[in-house]
Amino acid sequence: MNQWKNFSKGFIKENPVFVLLLGMCPTLGVTSSAINGLGMGLATTFVLLMSNIVVSLIKSLIPDKVRIPSFIVIIAAFVTVVQLVMQAYLPALYKSLGLFIPLIVVNCIVLGRAEAFASKNNLLTAAVDGLGIGLGFSFALVLLGGIRELLGSGKLFNITIYSENYVTLLFVLAPGAFIVLGYLIALINQIKKD
Amino acid sequence: MNYLVIVIAAILVNNIVLMQFLGICPFLGVSKRLSTAIGMTGAVAFVMVLATIVTYLIQTAILNPFGLAYLQTIAFILVIASLVQLVEIILKKVSPALYQALGIFLPLITTNCAILGVAILTIQKEFNLLEGVVFAVSNAVGFGLALIIFAGIREHLELQNVPKGLKGTPIALIAAGILAMAFMGFSGLV
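Which chain is which? The protein sequence lines are H and G, in order. Here the first sequence is numbered in numbering that gives the first Met the number 0, starting from 0 and rising by one per residue. Here the second sequence is numbered in numbering that gives the first Met the number 0, starting from 0 and rising by one per residue.
So here's chain H without its partners, still in its complex pose:
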């Protein structure tokens, strides 16, 4: 039960995007379609899960003073793994996510979880936390990407929903990212207050 709570907190209560406002750069940058959002979300989930596991395993070996640089090296290693695997097996997705794949290194969510959670908890709890927060992040990215794709190109996961004659192109461009995210956070604030 406790582990379930630990897992599910990432979706709404401690959602990294909507509530904690972390990792905004990839959130805004890659969500021009639901598929891109999903790809980025899963890549980040993998890095988050693996870095949480490794940090939790070697937390007692790392001297306190160099813990942040050590965490960054661990995270960067897994980001490089994701980068190479994606380049080899999903070249189209790798191309459309572009710069934001190496930039997972500086995503504050990953370092934040390593520092605030994984370095203080046991292996299982840290792994569940990484998975939960990662999937919560993916959920936010898919939601944002889906809304922008639907409004901006009349499609959802590349399936045409309505004619392109009625789309508002603005939503797949840069301003649409800010505006849709702004209204989504406002909606969640409003729901939480009631």
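Treat the hints with care, as some may be off.
What the hints assert, rightly or not - Calculated cross-link-like contacts (lysine-lysine; reagent style BS3-like; alpha-carbon spacing at most 30 Å): (1) K163(G) with K192(H); (2) K124(G) with K94(H); (3) K166(G) with K8(H); (4) K163(G) with K12(H); (5) K12(H) with K119(H); (6) K166(G) with K31(G); (7) K58(H) with K192(H); (8) K191(H) with K163(G); (9) K154(H) with K64(H); (10) K94(H) with K4(H); (11) K64(H) with K92(G); (12) K4(H) with K154(H).
I should point out that these hints are in silico values taken from the structure, not numbers from a laboratory.
Once you've looked at the hints, dock chain G against the given chain H.
Positioned in the frame of chain H, the structure of chain G alone reads:
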């Protein structure tokens, strides 16, 4: 001419914050007051130019000749993290006044994706060192332009009567969206 294109493209057309979504955290985090926005811009400009030069040299002198290009991400983030530490220590000794102005922003810069982003873009676009420096300076100016305009807008937003749910970050994001729309007017300039 080539340099002019880089400058205009980086500042206006592909503005690093509003069009490329790099450095959104400081853009939202330190844009509540105009004075802190200016301080942050100074710190980012300083580190961005230094980091671009150092990472460029590392890429061309170490990673490429030894076939280690796949270590780019790890190498760059370590260099940037240690560079920020170094800048902090040197500034503290050499120029206490500048340290006072930029000091509190420096630790935040390690996780500013604009720095790593510009360093990687410089390599990806195959610039030479001088073009890289021009690119870094222009991106820093573009970052400062967006941040300072946005801080000005937010100082006014504070005084407005905003619906309850939209208060704080949501209304700031929507204002940023409208600002990005204004910057879209520059597309096609180069």
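Going through the numbered hints above, which ones does this structure break? Give me the numbers in ascending order. 7, 9, 10, 12
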